[in-house]
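Protein chains: 2
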Amino acid sequence: MNIVITGGAGFLGVRLARTLLAQGQLSLAGSAPQTIARITLVDRAQPPADLLVDARVATVVGDLTDLLRPGIAGTAAVPADTQLAFHLAAAVSGECEADFDLGMRSNLDATRALLEACRALKTRPTVVFASSLAVFGKPPGQVLPEVIEDHTLPTPQSSYGVQKFIGEQLVADYARKGFVRGRNVRLMTVSVRPGKPNGAASSFLSGMIREPLAGVRAACPVPADIPVALSSPGRTIEGLIRAATVSDTEWGPLTAMNLPALRTSVGEMAAALGRVAGTAATDLLDWTPDPAILRVVSTWPGNIAATRARALGLLPDTDFEAVIRDYIRENPDAIRLPVQP
Amino acid sequence: MNIVITGGAGFLGVRLARTLLAQGQLSLAGSAPQTIARITLVDRAQPPADLLVDARVATVVGDLTDLLRPGIAGTAAVPADTQLAFHLAAAVSGECEADFDLGMRSNLDATRALLEACRALKTRPTVVFASSLAVFGKPPGQVLPEVIEDHTLPTPQSSYGVQKFIGEQLVADYARKGFVRGRNVRLMTVSVRPGKPNGAASSFLSGMIREPLAGVRAACPVPADIPVALSSPGRTIEGLIRAATVSDTEWGPLTAMNLPALRTSVGEMAAALGRVAGTAATDLLDWTPDPAILRVVSTWPGNIAATRARALGLLPDTDFEAVIRDYIRENPDAIRLPVQP
Chain A
1 MNIVITGGAG
11 FLGVRLARTL
21 LAQGQLSLAG
31 SAPQTIARIT
41 LVDRAQPPAD
51 LLVDARVATV
61 VGDLTDLLRP
71 GIAGTAAVPA
81 DTQLAFHLAA
91 AVSGECEADF
101 DLGMRSNLDA
111 TRALLEACRA
121 LKTRPTVVFA
131 SSLAVFGKPP
141 GQVLPEVIED
151 HTLPTPQSSY
161 GVQKFIGEQL
171 VADYARKGFV
181 RGRNVRLMTV
191 SVRPGKPNGA
201 ASSFLSGMIR
211 EPLAGVRAAC
221 PVPADIPVAL
231 SSPGRTIEGL
241 IRAATVSDTE
251 WGPLTAMNLP
261 ALRTSVGEMA
271 AALGRVAGTA
281 ATDLLDWTPD
291 PAILRVVSTW
301 PGNIAATRAR
311 ALGLLPDTDF
321 EAVIRDYIRE
331 NPDAIRLPVQ
341 P
Chain B
342 MNIVITGGAG
352 FLGVRLARTL
362 LAQGQLSLAG
372 SAPQTIARIT
382 LVDRAQPPAD
392 LLVDARVATV
402 VGDLTDLLRP
412 GIAGTAAVPA
422 DTQLAFHLAA
432 AVSGECEADF
442 DLGMRSNLDA
452 TRALLEACRA
462 LKTRPTVVFA
472 SSLAVFGKPP
482 GQVLPEVIED
492 HTLPTPQSSY
502 GVQKFIGEQL
512 VADYARKGFV
522 RGRNVRLMTV
532 SVRPGKPNGA
542 ASSFLSGMIR
552 EPLAGVRAAC
562 PVPADIPVAL
572 SSPGRTIEGL
582 IRAATVSDTE
592 WGPLTAMNLP
602 ALRTSVGEMA
612 AALGRVAGTA
622 ATDLLDWTPD
632 PAILRVVSTW
642 PGNIAATRAR
652 ALGLLPDTDF
662 EAVIRDYIRE
672 NPDAIRLPVQ
682 P
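Chains as they are written, first to last, in the numbering used here: chain A, 1 to 341; chain B, 342 to 682.
Keep in mind the hints are simulated off the structure, nothing from the lab.
Hints are not guaranteed to be accurate.
Taking lysine to any residue pairs in the SDA-like style, the calculated list, with each CA pair at most 20 Å apart, reads [as the list claims (entries may be wrong)]:
1) A/K138 with A/T152
2) A/K138 with B/T493
3) A/K138 with B/K518
4) B/K479 with B/T493
5) A/K177 with B/G482
6) A/K196 with A/A214
7) B/K518 with A/A292
8) A/K196 with A/R329
9) A/K138 with B/E591
10) A/K138 with B/T590
11) B/K463 with A/D99
12) B/K518 with A/A98
13) A/K177 with B/E591
14) B/K518 with A/I293
Keep in mind it's a predicted model, so treat the numbers as computed, not measured.
Please put together the full structure from these sequences, using the hints given.
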C-alpha cells in the first residue's frame, strides 16, 4: 500500500508519517491490515532526516497545483498504487485572510487537483481531508448555537474556513460519484505544536506555551476569556488515522465529522502553564490585544460536540496541563525553564 | 445603471430582463431608484427579438469562462459600469450528473470567474446568485428534517447541488471581503416553464403541464406521491428582484435565503391539470418511472420553510391550478387543447 501525505513535511504530516511507519501496517476502510510499503510525502519543503532515510519514504517537493496536472493518472505525487491520501496541505488562516488569491489557489485549487489526481487512478482511493473547526464562525450581529454539532450549518467568517468548507463539499461529491472514498475530518485547534510560529490566526495558542517553556516571550493577543476548542497532536493524529481505517458504514455520512475537543479558554491555558512552569513562564506572556487575530479567533466556537467521533471511540483530551507535560516529554530539547513535577 | 444577466437568453433571464425593462428603474440595495440605462445579457445563445431591438439591451454571446479573463476589469460581459449582476447561467442538474466535468466548469468555474470579474471592478457591485433547492438532498439511509429552514445544513445529493452550494459559499466570502455585495437566493423548482424540455432532472415538472396543453404526450417519470416545492415564474422573478433591491440590513445573513414554495405533489399537479383541461390533457401523461430522474428528484425535500423571504414580504403561490391558468394566459400560442373556465 502506498499512502500519500500532502503537507507531509509539516508538523502534522511528519507526526502522521512517523506514526504510520512505526505501526508498519494499516487496515484501510474496514479491510484486513496491509503492510505500508511506501509513504509519499508531498510538500514544498523537505521532511526531516529520520523520514528521508527511511527506505519506505518517498518525497516529492513542490507545489501541489504544479505537481498535479489534470487528467494525468499516476504522477510522482499521486502514484498509481496510491490507496490512501491524507490531504493536510493548506495555506493557513491568517495567510488566507491577508492574501485571498493565495488561499484560493493553495486550498481550493490544490484540493480539487488532488481529487482529480485520485479520480484519474480509477481505483477509488481513500481521501482523508483535513478540514477545520474554522468552517464555523459567528457572523457579525448573530449568535451561534450554544453547541456546535456535526450537522450545524457552518457560516465561516474567514476565507480559510470557506475554502475548507468548499473542500468538504468537493470530497463529498467525489465520494458520492465513486471517484474516491471520502473522509471529511474537522480538526480542532492543535496545541501544543512544536517548532516555529506560523501564519495561522491560532498560532499563538501553541506559541503561548512553547515559547515561555523555551524562555522566550510570547503573545497572548486575545482576552483571557476567549473560549478555545483544542486537541493535542496525539489525539489529532489518532482521529485522522481512525478516519482512514473505519468502514464506510462505521464512518457514516459524507458530511464532515468534528473531532473531539477539549473545551478551555486562553486564561485557563495560561493557568495550566503556570502550574507546570510557574511565574517564570507566565511572566513571559504578553497580553497585548491584536485586533486582526482577535477578529478571526473570536468568531470560532468554543463548544463543539463530536457525536459521530465519540461513537467511533475517539475522545478529547481531558486536561490541558497533561497536554503541556506531553509536549515537554516529547520535545526535551525545546525546554529551557525548570518544570514543576 | 448597467445590469448584467448571465443566462440572459434563458427562460428566467429573458423574463427578468423584460420585467426590469418594463419597470425602467430599480432601487439597488436600499438606495433611491435609478434609471436602468443598460441590461447586458450574457449567454451562449441570442435572446429573443423583442430584447434584441430594445436600445437598452446589450448582448454578449459566448461561454462565461471564455468571456471572463482573470484580473481584467471591465469586459464586454461585465462592463466597468456594472452595478448589479444576476448570475443565472448554469448547467442543469441532469447534465451535471451525466457529465461531471461540464458541471464543474459551467457552474463552479463560471461562478468564480464572474465573481472575479465583479471584484476586478473595485466598485462592489451587487451579485444576485441563483442557487437552488437542489442544495438540499436526502442522503441514502438518512432522513431529512421534516421542515427545511434557511439554516438547515444542505447535504446535496447531486453534483449540481454541490456546485450551487459551493457557489453560495464563494458569493458569501466575496461579499464578506467587500469585493461584492452578495445575495444568495435559493430558487424552488420553477413551473410552468414555457419552451422546450431541458436537461434538468426537474424538467418534467413543467413538461407534464406544458406538453399536454399543447396536445403532446409527456412523461411523469416518478410516482404521484413525490412531493415537490414549486414556484411560478412570476414569483421566482419577484424574489430575484427583491434580493437586489433590499438593503443589506433587510437582507440579513450572507447565507442563502430559501424562496417561498408551494407544497404540492406530482399527483396533485396532474389533478390540477385535469381541472383545467380535463382528461384530454391528463390522458397524455405517461407515468413510466425513470430511475435516473427519480434518483435525483426523490432526494429533494418537499417542505421548505422560507422564513427570511416571508419577512421580506415574499409569498408562495397558493394554488397550482392558478399557476397553470397564468401559464395559459401568458403563452396563448402554446395551447392546443380546450381549457375549462
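Each hint tested on the structure:
| no. | hint | result |
| --- | --- | --- |
| 1 | A/K138 with A/T152 | holds, 12 Å |
| 2 | A/K138 with B/T493 | holds, 16 Å |
| 3 | A/K138 with B/K518 | holds, 15 Å |
| 4 | B/K479 with B/T493 | holds, 12 Å |
| 5 | A/K177 with B/G482 | holds, 17 Å |
| 6 | A/K196 with A/A214 | holds, 12 Å |
| 7 | B/K518 with A/A292 | holds, 14 Å |
| 8 | A/K196 with A/R329 | holds, 18 Å |
| 9 | A/K138 with B/E591 | holds, 19 Å |
| 10 | A/K138 with B/T590 | holds, 17 Å |
| 11 | B/K463 with A/D99 | holds, 16 Å |
| 12 | B/K518 with A/A98 | holds, 11 Å |
| 13 | A/K177 with B/E591 | violated, 39 Å |
| 14 | B/K518 with A/I293 | holds, 16 Å |
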